[in-house]
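Student: We have chain A; now place chain L onto it with these hints.
Line by line, the protein sequences are chains A and L. Here this note's numbering is used: the first residue of the first sequence is 1, the next is one more, and so on. Here this note's numbering is used: the first residue of the second sequence is 257, the next is one more, and so on.
What the hints contain is simulated information worked out from the structure, not anything from laboratory work. A couple of the hints might just be wrong.
A few chain L residues that don't get close to chain A, going by computed Cβ distances all over 10 Å [to be verified]:
{"id": "1", "residue": "F271"}
{"id": "2", "residue": "F336"}
{"id": "3", "residue": "L442"}
{"id": "4", "residue": "A523"}
{"id": "5", "residue": "V537"}
Lysine-lysine pairs mimicking BS3-like chemistry, simulated, CA-CA at most 27 Å apart [to be verified]:
{"id": "6", "chain 1": "L", "residue 1": "K467", "chain 2": "L", "residue 2": "K417"}
{"id": "7", "chain 1": "L", "residue 1": "K540", "chain 2": "A", "residue 2": "K80"}
{"id": "8", "chain 1": "L", "residue 1": "K522", "chain 2": "L", "residue 2": "K467"}
{"id": "9", "chain 1": "L", "residue 1": "K332", "chain 2": "L", "residue 2": "K467"}
{"id": "10", "chain 1": "L", "residue 1": "K540", "chain 2": "L", "residue 2": "K417"}
{"id": "11", "chain 1": "A", "residue 1": "K81", "chain 2": "L", "residue 2": "K540"}
Virtual Cβ for every residue (Gly too), placed ideally from N, Cα, C.
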Amino acid sequence: MRWLALALALLPPVLLPLPAMAVESIVAGLSQNRVSITADFDGSEILVYGAVKRNAPAPEGPIEVIITVEGPSTPVTIRKKDRRAGIWINTEAVEVDAAPSFYAVATTGPLRQVLSETEDLRHRITLPRVIRAVGAATEDGGPDDFIDAMQRIRQAESRYMVLQGAVEFTEQTLFRSDIVLPANLTEGEYRVRIFLTREGRVVDAQDRVVGVRKEGLERLLFNLSREQPLIYGLLSLVMAAGAGWAASAGFAVLRR
Amino acid sequence: MQLYLPIAEVSVNAFLLLGLGGIVGFLSGMFGVGGGFLITPLLFFIGVPPAVAVATGANQVVASSVSGVLAQMRRKAVDFRMGTVLLVGGMAGSSVGIAVFQWMTRLGQVDLFVQLSYVLFLGLIGAMMLQESLRAWFRSQQGGPVRRSHVHTWVHGLPLKMKFRASGLYISVLPPLGVGALVGFLAAIMGVGGGFVMVPAMIYLLGMPTKVVVGTSLFQIIFVTAFTTLMHAVTSQTVDILLALLLITGGVIGAQIGTTIGVRLKAEQLRILLALLVLAVAIKIALDLLIRPTELYSVMPGVLP
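Chain A on its own, in the form it takes in the complex (with noise of 0.2 Å):
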């Protein structure tokens, strides 16, 4: 045993692609590993926290770190509107088999310093990358311009984030950031990563998964509405139909 790790120990790093052995690691916890979404949910908060752990005396320039948040991918259709006989309506359409339904990506400097292209297209970090790498678009009719209006949009909306110097970074080891979770969240798997980057190459990374479930009212309804649809179209009728009721029967009364 100890002859391969001294083994592995002598090989030069282009052959190391597990971090594992690395100089720098991370060691990460989150607040919460659950959020639930009940009546009264208005946007939820994930603290991603941790430390850089060596085991050795690091090595020359500044360490980075990037955290990213991926909520569940649905498939999007994104439209474009045109002028045709001089009233504006949809023409083209582009569609996107996945697209993340939450992204949000926070770093402790701008995220060209902190990450190289080459790491970005291999581990998918920065949003245009997420998008492309999940969402075939079509060919036809420049689908990079629908791409960019989506990130537009939901960027506006705060469902994608660029929190660019968002992750407090002390003593290069201990670091931390709160990633605000928007109030119109989708049920889902949250997957929750951190990069170690030195010189724009990632020198470590960590996953996790955060659970975004409804609970108590909310999931009984949904439940209801997906496994007994006509029960639940009924009850909305009965319900809409007795309201309606009391209303008249209730001024009927104030009147008098």
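Tutor: Positioned in the frame of chain A, the structure of chain L alone reads:
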């Protein structure tokens, strides 16, 4: 107070929804229109996904219509027989309409078709009503001779005559059946209950007195929208019961107030106001089509059908 909606999957202000429901219910009770053509765009605006907005809007209209009909029933202003005949025609018309809608969806221009038919019908009906009701109003101001509520035409020579006592009509069932079918057809295509088409059609085409029109239209709308709600709940599962509950609570109260005020207004005034409302919606949609939108792109979850 923020509330998370289980089906729409958005968090919205509960009081805002109560208020929206109240305004739409008010108009509904006053004019006998279901209000679907108002509630759906308003829900889009506050971020509810379109499919949920359409389905839940239908559910809300059921409640405000029930409330409105009950209020009108106390005034004996609901012609059940006429309502039933219109409904039979409406069912036939809407099944044809749904088929046409699916055909247009396949062609991919359904949005444009819906918007254009909105502008065309709302604009036409609004303008006609406004012109007629203004003239009637001026005449009543001058104290001139009152025009007969309806004139005898070829319509009255048709067979299968039936007595509609509440409306004071003795006409063939064919015109109401036809009107019902036309409205059902348009309602299915435009995704609304059709009250704003039904009300003018009842006044001008069938010659019904304005006071029974509101109640009878609402009576008919209950069934059309109840059917729509159930279809949406079963096929696309987009009815949000929590959203509906809030809209309904506001809506039924609004409908009662609307009915009370509607009763105090003169028939011509009621028609002028409805005409203005219909025209306003038509102009708004027309402007949306003509003015360059600030964001050319739109993102919709899900794949095109």
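Student: Hint by hint, say whether it matches the structure.
Tutor: Tested hints:
The claim that F271 of chain L is not at the interface with chain A holds, since no C-beta of that chain comes within 10 Å of its own (minimum 14 Å). No Cβ of chain A comes within 10 Å of the Cβ of F336 of chain L; the nearest lies about 17 Å off, and the non-interface call holds. Taking the minimum C-beta to C-beta distance to chain A, about 20 Å, the non-interface status of L442 of chain L holds against the 10 Å cut. Listed as outside the interface, A523 of chain L is consistent with that label: its C-beta sits roughly 22 Å from the nearest C-beta of chain A, beyond the 10 Å cut-off.
Distance check on V537 of chain L: its Cβ is at least 17 Å (rounded) from any Cβ of chain A, clearing the 10 Å threshold; non-interface status holds. With a CA separation close to 22 Å, the supplied pair K467 of chain L and K417 of chain L stays within the 27 Å bound. Using a Cα cut-off of 27 Å, the hinted pair K540 of chain L and K80 of chain A holds, with the two alpha carbons roughly 21 Å apart. Our distance criterion of 27 Å between C-alpha atoms is met by K522 of chain L and K467 of chain L, whose separation comes to about 10 Å.
Using a Cα cut-off of 27 Å, the hinted pair K332 of chain L and K467 of chain L holds, with the two alpha carbons roughly 10 Å apart. Distance check on the hinted pair: K540 of chain L and K417 of chain L sit about 41 Å apart at the alpha-carbon level, beyond 27 Å; violated. A C-alpha spacing of about 18 Å is found between K81 of chain A and K540 of chain L, which places the hinted pair at or below 27 Å, so the restraint holds.
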